[in-house]
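Undergrad: Residues per chain are reported as follows:
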Amino acid sequence: MPSPLRIGGLLAAGLLLPVPALAQDALSAGDTAWIIAATALVLFMTLPGLALFYAGLVRSQAVLSVVMQCFAIACLASVLWLIAGYSLAFGDSVAGWIGGLNKAFFAGVTPDAMSGSIPEIVFAVFQMTFAVITPALIVGAYPERMKFSAVLWMSGLWLLLVYAPVCHWVWGGGWLSKLGVMDFAGGIVVHATAGISAVVIAVVLGARRGYPEHVRPPHNPGMTATGAAMLWVGWYGFNGGSQLAADGGAGMAIAATHIAAATAAMVWSAIEWIKFGKPSLVGAVTGVIAGLATVTPASGFVGPMGGLILGFAAGIVCFYAVQIVKFRLKIDDSLDVFAVHGVGGILGSLLVSVLALGAFGGGGLAEGQSVGGQLGVQALGVGVTLVWSAGFTFLILKVTGALTGGLRVSEEEEIQGLDIVSHGESGYDIGR
Amino acid sequence: MKLVIAVIKPHKLDPVREALTEIGVSGLTASEVKGFGRQKGHTEIYRGAEYTVAFLPKVKIEIVVPDDLVERTMETIKAAAETGQIGDGKIFVLDVERSMRIRTGETGDEAL
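Those protein sequences? They're chains A and B, same order as listed. Per the working numbering, residue 1 is the first one in the first sequence, and the count goes up by one each step. Per the working numbering, residue 1 is the first one in the second sequence, and the count goes up by one each step.
Check before you lean on any hint, since a few could be wrong.
As the list claims (entries may be wrong) - Straight-line Cα separation of at most 30 angstroms, DSSO-like style, residue types lysine-lysine; simulated pairs:
hint	chain 1	residue 1	chain 2	residue 2
1	B	Lys90	B	Lys2
2	B	Lys2	B	Lys60
3	A	Lys326	A	Lys398
4	B	Lys2	A	Lys278
5	B	Lys40	A	Lys326
6	A	Lys330	B	Lys40
7	B	Lys40	B	Lys9
8	A	Lys278	B	Lys9
Please keep in mind that the hints were generated in silico from the structure rather than gathered at the bench.
Only chain A is shown next, with the shape it has when bound in the complex (with noise of 0.2 angstroms):
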C-alpha cells in the first residue's frame, strides 16, 4: 500500500509518497465498505487460514499448539497494536526510521480522522490484520519446539522492534518510501521480515528432534489444503484492500493475485510430477502460497500478465529455495517460511522493476525512473531490510532466552508432543 491515495493502473508509484492520515480527502463510502471487508478477509487468512496451514504440516501431538500459537500471537499482536505499533509505524516520522508515539493508543484517531478517502480507523485496523498475520507466518520456523513463553515474548518484540519498523520505512512514510521502494503488499514489510527472521530463528532454536532423517511427515495433508485456500481467499483483501479504494486499482491487484496463484501452483505440481512421479496436494498448495507470497509486493503495479511470469516464477525459485534451505543448508525452518515467503516475497520485489512496466501491462514507474534504478532501490530496500531483521531477531532471541530460562521444551516434552506439554489437550484423543 503505496499510499492512502488512489493511486489507479496508470499513476507511477514513486510519485506518491505515503502520508497516511495527512490527505484529507472526502470520505468515500465505496472505498470504506471495501477496505472493512478487506480487513476481514485479511484476519480470516491467519485465523483460521495460515492456523489450519500450519496445523496440517505438523505431526499430530503438535496440532493444536500450532493452532494456539497463531491465536495467541493475533490476540497479542492486536492489542501491542493499539498501544505502540501503529504508533511506531504510522505516527509522526523520527528521521524516517521509526513512527513517534503520537498516535499510540491511537492517539487522534477519532472517527472522524481520514486517511485518505476512508476514516484512519479503517486504516489503522485493516493495518493491524497486517501485523497480526506477519509474525503468526514465524510460526512455521519453529513447530513442535519452542516453549509457548517464549512463542509471546520473541512475537511480541519482534512486532516492535522488527515489523514496526519495517512497515514504517515503507509504508509510514519513512525513509525507503522517499526513495521511491515499491511494495504493494507487503513483500518487504511481510514476507521477507518473516522469511529471514524464520531462518534466525531456526538456526538459534536448532532443528526438531531428529531432523532431517527422523521427522514425521505431515499428518493431515487435507487440513492443510483448507488452510490454503482460505489464504488464497483472504489474499484478495490482503493485496486488493492494499490500494485502499474500491477502484479499478485494487480489481487488478486481485487479478493478477490470483493469476500468480494459479500459475506457481501449476509449476510446482509440473515439477513434483516430473520429479517425483507425482503431483501431490501439499506440493500445489505449497505452489499457491509461493505464488501468493510472490505476487504480494508487485500486485498493484502489474497486470495480469505480470501475475503470470511472478506465478511462473514464484513455483520455481521457490520449489528449488526449498530443497537448498531443508536439504543442502540443513536447516529446519521447519514448514518453510523463508523458502516460501521470504524467497517470494523477495522475487516478487525484486521483479516489480521490470514487470511494473508498460510493456507487460503494468502502471509503469515513477516519472524519470529507469528499470536499473528502481531495481537498485529495491534491492537496497531487500538489503537493509534482511540485514535488520536478521540482527533483531538474533538479539530478541537472546534475551527472550534469557526471560523464558531457555527457548526450547526439553527433549523428552519435545517427544511428548507440545499439545500436552505446553496446553494439556490433545487433537486426536479418541473414546471420549
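Based on the hints, put chain B in the right spot on chain A.
TA: Just chain B now, kept in the frame of chain A:
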C-alpha cells in the same frame, strides 16, 4: 470358545462383517491399527522430503466364537478379506477360558 483375531485391509471390514453375520457370528470388535508384515511400508514425499511410512493402516477384528464355528469363521474371513495382493493380512486363533455377558450374567457359549 476360541478368540479369532484377524488383521485385514481396512476396506475389507464391511465385506468381512457381512459375511460373518451370514454364518451366525453374533458380534465382533474392530480396531484401527498400524503394523507391517511382508508388505513393508511405503514412502511419501512432501515438499521434496521423502518420509518412510513403516507402519501401514490395518483393521484388527476380534471375534469369540464357539469351538464348532471356528473353521467356518476362518474360511469366511479368508474368503471375504482376500484380494490376492500382498498385505491382505493374517488370522490367529487362541483359546478363551471363560466369558460372561455383563447384563445377564450368562457364561460360556451362552454369553457369546
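Undergrad: Does each hint fit the structure? Answer for all of them.
TA: Structure-based check of all given hints:
1. B:Lys90 to B:Lys2: OK: lysine 90 (chain B) and lysine 2 (chain B) at ~16 angstroms, within 30 angstroms.
2. B:Lys2 to B:Lys60: Within the cut-off at roughly 16 angstroms; holds.
3. A:Lys326 to A:Lys398: 24 angstroms, holds
4. B:Lys2 to A:Lys278: 46 angstroms, violated
5. B:Lys40 to A:Lys326: Given pair lysine 40 (chain B), lysine 326 (chain A) holds - Cα atoms ~27 angstroms apart, limit 30 angstroms.
6. A:Lys330 to B:Lys40: 29 angstroms, holds
7. B:Lys40 to B:Lys9: Given pair lysine 40 (chain B), lysine 9 (chain B) holds - Cα atoms ~14 angstroms apart, limit 30 angstroms.
8. A:Lys278 to B:Lys9: 24 angstroms, holds
Violated hint for the displayed structure: number 4, the only one.
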